[in-house]
Amino acid sequence: MNIIKARAPGPLTPSVSRARPWLRFRPTGAMSGRRVQRFRERAIESLLFLAAFSSVVVTVGLVGILAYESIPFFRRVPLSEFLTDRLWTPLFADPHFGILPLVAGTLVTTAVALVVAVPIGTITAIYLSEYAPHRMREAVKPFLELLTAVPTVVYGYFALLVVTPALQRLIPGLPGFSMLSAGLVIGIMIVPYVSSVSEDAMRAVPMAIREGSYAMGATRFQTAVRVVVPSALSGIAAAYVLGVSRAIGETMVVAIAAGMQPNLTWNPMEPAATITAFIVQVSLGDLPHGSVGYQSIFAAGLTLMAMTFVFNLAGHLLRRRFREVY
Amino acid sequence: MTKKRWLIVAVMVIITVVALWSGAGAQQGPVVRVDGSSTVFPVTEAVAEEFQKAKRGAVRVTVGISGTGGGFKKFCRGEIDLQDASRPILSEEMTACAKQGIRYYELPIAYDALTLAVNPSNSWVRSLTITDLKKMWEPAAQGKITRWNQVRPEWPDAPLKLFGAGADSGTFDYFTEAVVGKAKASRGDYTASEDDNSLVQGIAADKHALGYIPFAYFEPNKGKLKAVAIDGGKGPVMPSLDNVVRGTYTPLSRPLFIYVSAKSAARPEVKEFVNFYLRNAAKLAQQVKYLPLPERAYAIGQERFEKGETGTAFGGHAEVGLPVEEILKRQPKQ
Amino acid sequence: MGDLKTLITRRKRFDAGFRAAGLVATLVGVLILLALLVDLAADGLARVSWQFLTSYPSRFAAEAGILSAWVGTSLVMLITALAAVPLGVAAGVYLEEYARKTWLTDLIEINLANLAGVPSIVYGLMALGIFVYQLRLGQSILTAGLTLALLVLPIVIIASREAIRAVPGSIREAAYALGATKWQMVRDHLLPYSLGGIATGVIIGLSRAIGETAPLVTIGALAFIAFLPPAPWQPAFPFVSFEWVKSPFTVMPIQMFNWISRPQQEFHVNAAAAGLVLIAMTLVMNGLAVYLRYRFRRRVTW
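Residue numbers (this note's numbering), protein chains in the order written: chain A, 1 to 326; chain B, 1001 to 1334; chain C, 2001 to 2302.
Simulated from the structure, these hints should not be mistaken for lab results.
Beta carbons: idealized from backbone N, C-alpha and C, even for Gly.
Among the clues, some could well be false.
[Unchecked claim] Which chain C residues face chain A? A few, computed with CB under 10 Å, are given here: (1) A2091; (2) A2099; (3) L2206.
Only chain A is shown next, with the shape it has when bound in the complex (with noise of 0.2 Å):
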């Protein structure tokens, strides 16, 4: 361990210059000592802290572009409309402008995925973490991990191409695009986002709380169950974090499989478009650069991270209840 820096300049033994010969043109005087270690811890200190605020300006940038963007469509559209119309056609000579088909296409998507992934992904981190042997541990991570490097174009087609098919003939008369398909196959994209996460939680949560646990005779699951996971929950949330976020945040896979056609409804084994789809269609499509209808991604792209805001407020504020100090 380093300690030994801890200590101001002082005897400068061989060993220490021998290892570390720059020491041997160390300051003095009033450069010396503790006020330039107070100084780079300050300045170490402040780098950091713009490192954390990188983040802050992110989202000012984000939210800013948006909103920016978005006025002038607010201006033709009254925010009444947008909330509560039924229809999203902003694109069709007779348009309108109701946000709620999308936002239920990206609902019902997210919690198709969700029920895939966070079963899944639970399980699979808990049994890595708990049970498995080491070396299959290490061997199986990575390789789960790899699930997130498949081009999300792959994924898409998979879902069209495959899934869809297998679907049709377990659920006769399933359209040709419907959210299931994309809803099963973002599942399965964000098992490593769960259980790659989660695991590092519980791996490392102290071997001796699992000792104590199984030296009352519990068995794996039960101290798995009862002392490793309560102990990593801080973990595990986050790991659950980032897989909704992706969910939610997936554009591609729905574009492909999930149909372009927005459509009010909760039943995922329609098609229907997510918001996401729908920006991604918009701006990379024909449509000129001023028209409502391009402007309509930004008040679209809004909405979906006050969603998002609103959802990570709630669990935040759950995982504050729920929060261990050990």
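Fit chains B and C to the supplied structure of chain A, relying on the hints for placement.
Coordinates of chains B and C only, in the frame set by chain A:
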């Protein structure tokens, strides 16, 4: 492996990279920047490839796919030299270009024929009139016209499954204008997709399906789909190379354009590229399964480019069903 | 006594049952990934060849290749990693160790989760306005790298925070007890032990970035480019050139997306082959992080 071995491997890798990269990336010539529609992209890619080969790498061409809208935005800011467009320039974009002082040449370079395709086991449809199509696709049909016999009583009483382009695409705009009479006026309850391949798949899988796809996607899938002859008022016409070039497949032949910035055209490499484009588009378009314009059209385009006649013949909004010679007869205006 | 026995047997059965369930759950993920890879390989493996890796895009599927694409991806990811990793870890360290727990830090935490959920295309739109136009960085590799770094930043920060949070307080206290300053404690005691979790965040983040299409198309990544960015050295002093960061470029996912949208089947084969190469590239990119993580997790002895 020890640290020393890692170091040796790393140095060898770096040396290999240096050697290969210096060899490959040596040219530093001028660049012609193109961006815009992903529909026109295959043609422009073919031209760019052949042009670079002909110039032996002395001039480089880059092509992007930001979409017609995104491309015009960049074009009107002077960031790109050529714009691929699947529709004419619209009034908002004309204003933006005028504001920046960008004058442009509007040059049609190929045709895309919108093909109405049905499943091969569809035995009842031989041809469709524009009235039939309008009945199927107009906004009023939403929720109401859901069976084939509602369009024509002699057709079977079977569900009508419609497939088509997404509402942000030039294909959608053109089709709705040609069929319904008003751009973007369409029913909402059809299977829309950005990806024409999935439309092909959808139509091929459903016996009662009908959809409109670009000819370039019909051609390679001739075995899986059946094209329908369109009666534009002068009898049913099948989409084919001859019919489109002759101008009889109306109104669903839509012209594809490139817009060239006048400022960029002052540069010799851009001038050469545009001339090369117009001279070779007919042959290259066919190679990528698009349809060429009649010979005259390219000649007129080159004349216009030589003479410096900038502007658009469309006045800021799209028009359908116009044969290319008609478009080229008009005097372009800024 | 008999009561206790039945209780224990039941618990043990439960335990065995969960062990089986855990194995199944893990295998589901593994098997689906294998299915995807086999699917890709069946279509594309035959196409991966020296010619494919060293040719430029072309309208002829048989002549088309991914040279400009994989070089572009490598350079863009280099910038992304250099930007996102130090920034993300530094932010995570600050938020976890230095920041006072006020409502402001809570807000930042919620905000980070929000940022992780913003669709990538919105980052692209913002980057177009700020990097390309305001800062005049142009439609270049630098802009692409920075855009993806912004995308990946929240993931790295969140994972780093959790990794640092998971180090037991006793380790921190031991360092302080011996007279270490805060930064010394962080650098010598905290970071080495949290490197495993940080590596996971980096792996997940960079894997996501390498597969992104939409934001890069928005900032001006190309679909056809038949030359490489200029090499990072030059014959004159100072021998290092940064011309390549300002160069136009393309990336692998864009080529894949372009090819898979074409009607001809041969292009779909190309797309599958490109997908395999991309996954291989991701493995190489993550390889270092995975190796470091393996070594460091062995050291976690508490």
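So, going through the hints one by one against the coordinates:
A cut of 10 Å between beta carbons decides the hint on A2091 of chain C: the least distance to chain A is about 4 Å, and the hint holds. Interface restraint check: A2099 of chain C against chain A, minimum CB-CB distance 7 Å, threshold 10 Å, status holds. At a threshold of 10 Å, the smallest CB-CB gap from L2206 of chain C to chain A is about 9 Å, leaving the interface hint in force.
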